[in-house]
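Undergrad: So the sequences go chain by chain: A and B.
Under the numbering used here, the residues of the first sequence are numbered 1139 to 1480, in order.
Under the numbering used here, the residues of the second sequence are numbered 1251 to 1634, in order.
Think of the hints as simulated: they come from the structure by calculation, not from any bench.
Note that the structure is predicted; figures quoted are calculated from it, not measured.
Note that beta-carbon positions come from the ideal geometry of N, C-alpha and C, so glycine has one too.
Once the Cα atoms are required to be at most 27 Å apart in a straight line, the calculated DSS-like pairs of lysine-lysine come out as:
(1) B:Lys1277 with A:Lys1470
(2) B:Lys1277 with B:Lys1525
(3) A:Lys1387 with A:Lys1470
(4) B:Lys1302 with B:Lys1277
(5) B:Lys1396 with B:Lys1407
(6) A:Lys1470 with B:Lys1303
(7) B:Lys1492 with B:Lys1365
(8) B:Lys1525 with A:Lys1470
(9) A:Lys1470 with B:Lys1323
(10) B:Lys1396 with B:Lys1492
(11) B:Lys1303 with B:Lys1277
(12) A:Lys1356 with B:Lys1492
(13) B:Lys1401 with B:Lys1492
(14) B:Lys1401 with B:Lys1365
(15) B:Lys1407 with B:Lys1492
Simulated coverage check for chain A against chain B, where a stretch passes if three residues somewhere in it have a Cβ under 8 Å from a Cβ of chain B:
(16) 1339–1349
(17) 1352–1365
(18) 1376–1389
(19) 1461–1475
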Amino acid sequence: MINTEGMVAETATKIFTDLCPREIPHAAEAGEYPQALWDALQENGLTLAWTSEDNGGFGADYDEVFGAIWASAQAASPVPFAETLIANWMLDQAGLAPADGSASFALSGHTPSADIPFGMHADKIVLFDEAHQEIAVFDNREAARSPEEALSPDGMTQFIFSGHVAEQSAKTNLSRRAIEALILTVRAVQMAASMEAALDLSIGYVSEREQFGRPLSKFQAIQHQLATAASESAAATMAATQAASAIAKHKVDPEQAWHEAVIAKVQIGHSVEAVTVPFHQVHGAMGYTQEYDLHHFTRRLWAWRDALGNEHRWSKLLGEELAATAPDQIWKGVTTGEWIAS
Amino acid sequence: MQRFNFPVVEPDPALEELRSELQGFLKEELEAGNYRREPECWMSSADPEFSKKMGQRGWIGLTWSSQYGGHDKTALERYIVTEETLRAGAPVGAHWIADRQHAPMLLAHGTEEQKLNILPRIAAGECYFAIGLSEPGAGSDLANVKTKAEKVDGGWKINGQKIWSSGAHMCHYMVALLRTSPADGRNRHVGLSQIMVDLSLPGVTIKPIIDLSGDAHFNEVYFEDVFVPDDCLLGDEGGGWKQVTGELAMERSGPERFLSSYVTLETALWQLSGKMGSDSKARLGKLIASLRTLKGMSWGIANLLRQGVSPETEAALVKDLGNRLENDLTQQVRAMLIDLPSEEWSSEMRRILNIGVLRSPPNTLRGGTTEVMRGITARQLGLR
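Construct all of the structure, not just a fragment, from the sequences and the given hints.
TA: Next comes the structure, spelled out in structure tokens:
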């Protein structure tokens, strides 16, 4: 289970419960940004939870912050909370001050542009420039923002780095794998939380909706579809929990957690169809409407499974790594989560 | 809301030490030619000599008190032993079921005398138990059992038939779910009791059922006026249904519900070393991600058992996911092996893969079908 106890997680849960009821994601899609929600998160310092105390943050345990991210996804909150946390963590790791306002992130490999999650609502963009081992901050407010055809209601924009000068930059020892481990784990937590929230919606719907003179929930065909989806959701939560535990355990060296994070990415990515298909099926046409809540979760699941590359790409990357690993070490990884020989 | 409870277990060096001991023993036994590795070994590969060796090393009866021949350890130690023997494909079928479900039942419901008499023999790897649930007319609909135990002077007289009794031909006892009084109208859950039957008694007939591969590991067991004394009643008269619910949770709770075919994958990994193509690597990545995730869930169940919680729903859910995974594993390995011309496959690879294919159908049946598992999960979701 994702740990939702502790001050950070509990404060966040209260804010999302109070300020992000179901109308908020609907309003955000109609263009009404939930400024009050964002302000509350900032005023309570939650966007600085992973920023060290030296840089004006909380320096909170990784573990506790995952509980806050869980709460944000369960509420389908349409603000770049997780993105800002990640961006500020990247800055902190390079000894830079946290972003003034909201932020999103990009990892550059070899291309001069990147897809930016929440690109329309992020004040800053934090880039990991792998070639130069540098973390750089760009102002996103002045950039020409062209929304891409995005799966997620949170949107995605292209940012062309070549036309912009970084506001600040610093060398970093962070490896690409360390950053990937954190981002993939955050997405895993969000996805598991979304699956469980959509499961709750589905159970509620089939218990109320009647056809042939009885609630849909009384049909065995419906029960089995949701039982399967519940199993997959529980597996997703376990995969996210193991990735989060690995990050918490290897604090100073998140690269050590890479395998567990990739496993979560692969497991959860592959299970998206296994949950969104039955969730939509049992909702009938209602689940396909903008008016109903289901798409707040399913569209984000479809977007997040593509983030940093889809589940097929990551299955292959993981498999390449494993194919070069001794079978004894693979067994050790499966049974204990220790993937690198000590 | 997180609907299911799979508590994470912190790493423990003592557990890893136990794992190394197991690995050493299993390797030695394999190299000495004392067993052949097989998928589904816990069900279809039984060797009393091997079970006795495990008993001598203290690897059976880990979870119960030394007062009853046990080793005062937890469900986590037991898990390590089961996990390592499954990986090795070792012949653990003789003692597996008694250690897994009958000993915990005796501990929970047995009399002091029953515990003192039976448990030390189970822990020694010398006393084996058969499951006595299914009947010709009672499969998924278990409450339909018809085999009767009639109260007679000083004991019970049993008549009827059990079926699909794995290993009954080498077992000493069966714990049979029997009708001891009539159902109360439509409520068939009343009037059922569990009785421990010595399978060597007069009137017990055990007939093998040959499976599709030619193996004879399961049986029909007939009872004809079999007399058992009063002290063979296990738990409460009429409390059988409730006890069986707990028994089934134990039966479904272990790593044999998702790791039974791991030996097939590991054999293929050695075969394919340095030869895997891109497609196979992607299959491997996905398989390992699923195995690691299921391990977390299954390990969480062991932790629930350690805490004394009966993991009824969690076990049903993991059994459903795990059975699908272990059958899929065999199919994924078939697909991966196209990277190696079949004439280059070792005879060991061919043997293990074929056994895995032949033994796959019962995975989603025994211990409760996939459909029954989904029904249990649906009940937990509040749908029925």
